[in-house]
Each structure stands twice: as structure tokens, then as C-alpha cells.
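Engineer: Going down the list, the sequences are from chains U and Z. Here the first sequence is numbered in the numbering used here, starting from 7 and rising by one per residue. Here the second sequence is numbered in the numbering used here, starting from 7 and rising by one per residue.
Keep in mind the hints are simulated off the structure, nothing from the lab. Be a bit skeptical, because a hint or two may be false.
Unchecked claim - In silico DSS-like pairs for lysine-lysine, Cα to Cα no more than 30 Å straight-line:
#1 U/K145 with Z/K122
#2 U/K114 with Z/K183
#3 U/K114 with U/K24
#4 U/K75 with Z/K99
#5 U/K77 with Z/K209
#6 Z/K137 with Z/K37
#7 Z/K75 with U/K77
#8 Z/K37 with U/K145
Spelled out from the first residue to the last, the chains are:
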Amino acid sequence: MLEIKNLHARVGDKEILKGLNLTIQTGEVHAIMGPNGCGKSTLASVIAGHPAYTVTEGEILFKGQNLLKMKPDERANSGVFLAFQYPVELPGVGMAQFLKAALNAKRKFLGQQPMDAVQFMKYMNLRAKALDITSEMLKRSVNVGFSGGEKKRLETFQMAMLEPDFCVLDEMDSGLDVDALKLVGKAVSVMREVHRSFMIITHHDDLLQYVQPDRVSVMREGRVLITGSAELVKEIEAKGYDKF
Amino acid sequence: MTNFNPFLIAEKLNTDVKNPNSESWVFEVQKDGFLCADFLQTDASLDVLVVLNGENAKCHINCAYLVNKNNKININIKVLHKVKNTLSKQQIKGLITDSGYVNFIGTIEIPEYAQKCNGLQNHRGILLSPKATVSATPQLEIWADDVQCAHGSAVGPLDQNQLFYLLARGLPEQEAKRLLLRSFLGDLMPKDFDELISNWMDKNV
């Protein structure tokens with residue numbers, strides 16, 4: 007699904023990713039763990055194509071294609087989804103309007119007919135119901151006036167709506183209470199399928215109590231130091247990151 | 007036609023209207039009167055004076071500017087709270103692209119005898135090109151001490167984090183920008199102007 011080779015990236019003059027290698031197989035749930043400042047969120051932003059980051063070396067292959075050559079919207083429509091750590095507020099842009107535009111942009115990209123309003127509402131309501139998203143939440147502007155937990159639930163709802171092949175969850179567990187964590191965990195579990203991969207970025211094991219990863223990588227100072235099985239999470243929790 | 011400068015007096019009660027020339031408007035709102043006026047400016051300047059001339063007079067002035075090419079316009083809106091217990095609200099929002107230039111001056115004047123007035127002025131401009139310029143001068147001339155007044159002015163480029171959020175959800179850049187700019191203008195303008203605004207966006211964003 008995703009193959010990252012010798013990735014170097016900087017923001018301004020500061021190099022943050024310093025030769026990162028990582029492979030995520032199709033169908034794999036891959037946790038990326040590491041202390042604050044190790045470059046986890048930078049990795050997520052670079053994958054999504056955030057213009058603040060410059061890639062100076064290395065490559066990212068997504069389903070065999072050169073991801074770095076694609077614009078952010080092309081990446082999204084090819085199946086990359088980033089659930090943001092801090093989702094921005096879009097005052098005046100209704101959630102339903104926004105998701106219909108996003109879904110139809112993807113359909114257009116894939117050469118499919120756009121969904122009309124009736125088809126779209128059916129499609130949306132079905133997914134909202136499955137993830138305990140109320141119609142009241144969908145009538146409001148995107149992320150405006152929602153709590154941190156609600157914003158992250160709405161991120162996973164958007165993920166369910168767009169049905170991406172590769173989902174990057176950037177610190178979805180930061181600042182969430184147990185109930186919100188369970189709902190985010192449920193969304194991932196519902197969407198976990200053989201053709202879909204997840205990259206779950208976190209610095210502790212809260213979310214991983216609800217989502218069992220297949221593989222775990224530990225990052226430090228802009229590189230992946232070690233990749234292993236889910237057992238690695240227990241080791242980190244017991245001994246901390248200094249061991250790596 | 008690329009440019010247009012429509013206006014609409016959406017509501018008017020006990021208000022005298024003068025239009026000394028195509029760019030100037032003088033409204034005198036008398037006791038218990040109300041005025042709601044909407045202006046959409048592209049290539050012509052606008053000079054509005056509202057005099058709240060009787061108790062409980064109220065006005066809402068909504069102005070949007072869409073300025074492109076080498077167009078340079080002045081937007082001058084002044085509300086004079088001539089008597090006590092009067093209320094005014096000015097909302098001005100605009101988009102400037104190419105080498106467009108907007109000089110905005112918004113004034114609220116409340117003399118010392120006009121107590122218990124409420125004046126609000128909010129101006130926001132979005133710059134869509136590096137050469138686009140807005141000069142904004144909000145002026146509060148408040149001499150009365152028992153009044154409520156608020157004003158704000160902010161001019162800058164489109165929020166890059168908002169734009170990236172839409173791109174990361176698959177919206178092409180042009181569509182994402184248009185969506186953000188439409189929501190920025192929101193319901194400031196009456197439905198009658200929708201088509202003009204959409205046409206301008208199609209050509210300039």
C-alpha cells in the first residue's frame with residue numbers, strides 16, 4: 007500500500023524527517039509511536055501534501071504511484087485520508103454540503119457520475135447512524151462549536167463517508183475521554199478491511215487499547231528505529247521511549 | 007458585462023433617501039425608523055452617510071466589494087448617531103484580486119448628547135493576489151460616555167489551513183477556494199445578488 011524510502015523533509019530551515027523508511031502492507035493497521043517532536047505529525051502532513059513541508063530527498067510510493075508528484079486533492083481522491091490532529095473550523099460551510107462536494111470530487115476523479123442530493127442523503131444518513139453522528143451535528147458548520155472529542159468523531163465520520171484505501175490518523179487520541187476514544191476505536195474497527203490500511207499515529211497506547219495494530223513502528227529523531235508486532239506497544243508502555 | 011454595482015434598499019421605514027450622484031447616498035432615518043441597505047461594489051466608489059435623526063432609529067448597512075484588474079475604489083461609510091437610543095450596524099466584506107485597490111473608511115460618530123447608542127462596524131477583506139491592496143481606516147468618533155460601540159477590521163489572504171483541509175478531502179483548489187469565499191461572504195448579500203457574485207467568482211477565482 008505505502009512504501010517510504012529515505013524520506014527527508016523540512017519545514018523552513020529545520021529538517022524534521024531525516025531518512026525515514028517505512029512500509030505498510032495492504033490491509034495492515036500500523037501504529038506509529040514515538041515521543042513528542044520525533045516527526046510523527048510531520049510524516050502525516052507530508053503524506054497528505056501540506057505545503058508548509060518540503061521534501062528534500064527520498065520517495066513515497068502509494069499503490070505503486072509516486073505520491074510526492076501528486077497534488078493534495080489528487081492524493082485524497084486516489085485514496086489517502088488524513089484525520090487531522092487539529093481539525094480546522096469552516097464557518098458557513100455546512101458538513102453535508104462539504105461532504106457532498108468531497109464525495110463528488112472523488113467520484114469525478116474516478117470517472118463516476120456524481121451523487122444527487124437524494125442518493126447522497128441516504129448514503130450519509132446510513133453512515134451517520136452507524137457512528138452515532140446525529141443529524142443536528144450534520145446541520146452545523148464544519149467543526150464549528152464542537153468539542154475536541156466531537157471534532158475527532160467527525161473526522162472518523164468523514165473517513166467512513168469517503169471510504170479511503172489508506173487512513174492516516176494523526177494523534178486522534180490526544181485529549182479524548184474514554185467514551186470518545188471508544189467511538190473512534192469503533193470507527194476504525196468497523197472500517198478495518200482486507201483492502202484498507204491504517205496508519206495510527208500516537209504517543210501512548212490509549213487508542214491502541216481499542217484497536218489492535220498488526221505492526222508497530224517506533225520513531226525517534228525523524229527516523230523509524232524499529233518495527234515489530236503489537237508486543238512492542240507493551241514494551242514501550244513498560245520501559246518508555248528511552249530504551250529505543 | 008464583467009462589472010456591476012447593484013444596490014438594494016431591503017427595508018425602509020421613516021427614512022428619507024437622497025442620491026446626489028451615482029456614487030453617493032444620504033439616508034436620514036427618523037424617529038422609530040429603520041433602514042437596511044445592501045451594496046455590492048466592483049468598479050465604482052461608494053459614499054454612504056446615514057444620519058440617525060430620531061430616537062429608536064436603526065440602520066443596517068451591508069456592503070460587499072469584489073475588485074479585480076486595475077480597479078481602484080473608495081468605500082466611505084459613515085453613520086452619525088444624532089440622537090440618543092439609536093442603533094447602527096455596518097458589515098463590510100470584500101475580495102480583491104489582480105492589482106485591485108480598495109480604500110475603506112468606516113466611521114461611527116456619536117456626539118456627547120447622544121447617550122445609549124449602539125454602534126457596530128465590522129470589516130474583513132481577503133486578498134487573492136500578491137498585488138491586491140486594501141487600506142482600511144475604521145474611525146470611531148465617540149463623545150458620549152454611555153454607549154456601546156464595537157469595531158473590527160481584518161485584511162489578509164485566504165486561510166491556508168482551511169484551504170488545505172478542503173484539498174486534503176479531495177476538493178480541487180479552485181472549487182475549495184470558491185467554497186471558502188462563498189461561505190466568507192455568507193448571507194451578507196441578498197439572494198438577488200447571488201448570480202452576480204457567482205459570475206464574478208467564476209471569472210476571478
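Engineer: Compare the structure with each hint and give your call.
Structural biologist: Consistency of the hints with the structure:
| no. | hint | in the structure |
| --- | --- | --- |
| 1 | U/K145 with Z/K122 | violated (37 Å) |
| 2 | U/K114 with Z/K183 | holds (18 Å) |
| 3 | U/K114 with U/K24 | violated (37 Å) |
| 4 | U/K75 with Z/K99 | violated (37 Å) |
| 5 | U/K77 with Z/K209 | holds (23 Å) |
| 6 | Z/K137 with Z/K37 | violated (45 Å) |
| 7 | Z/K75 with U/K77 | holds (28 Å) |
| 8 | Z/K37 with U/K145 | violated (40 Å) |
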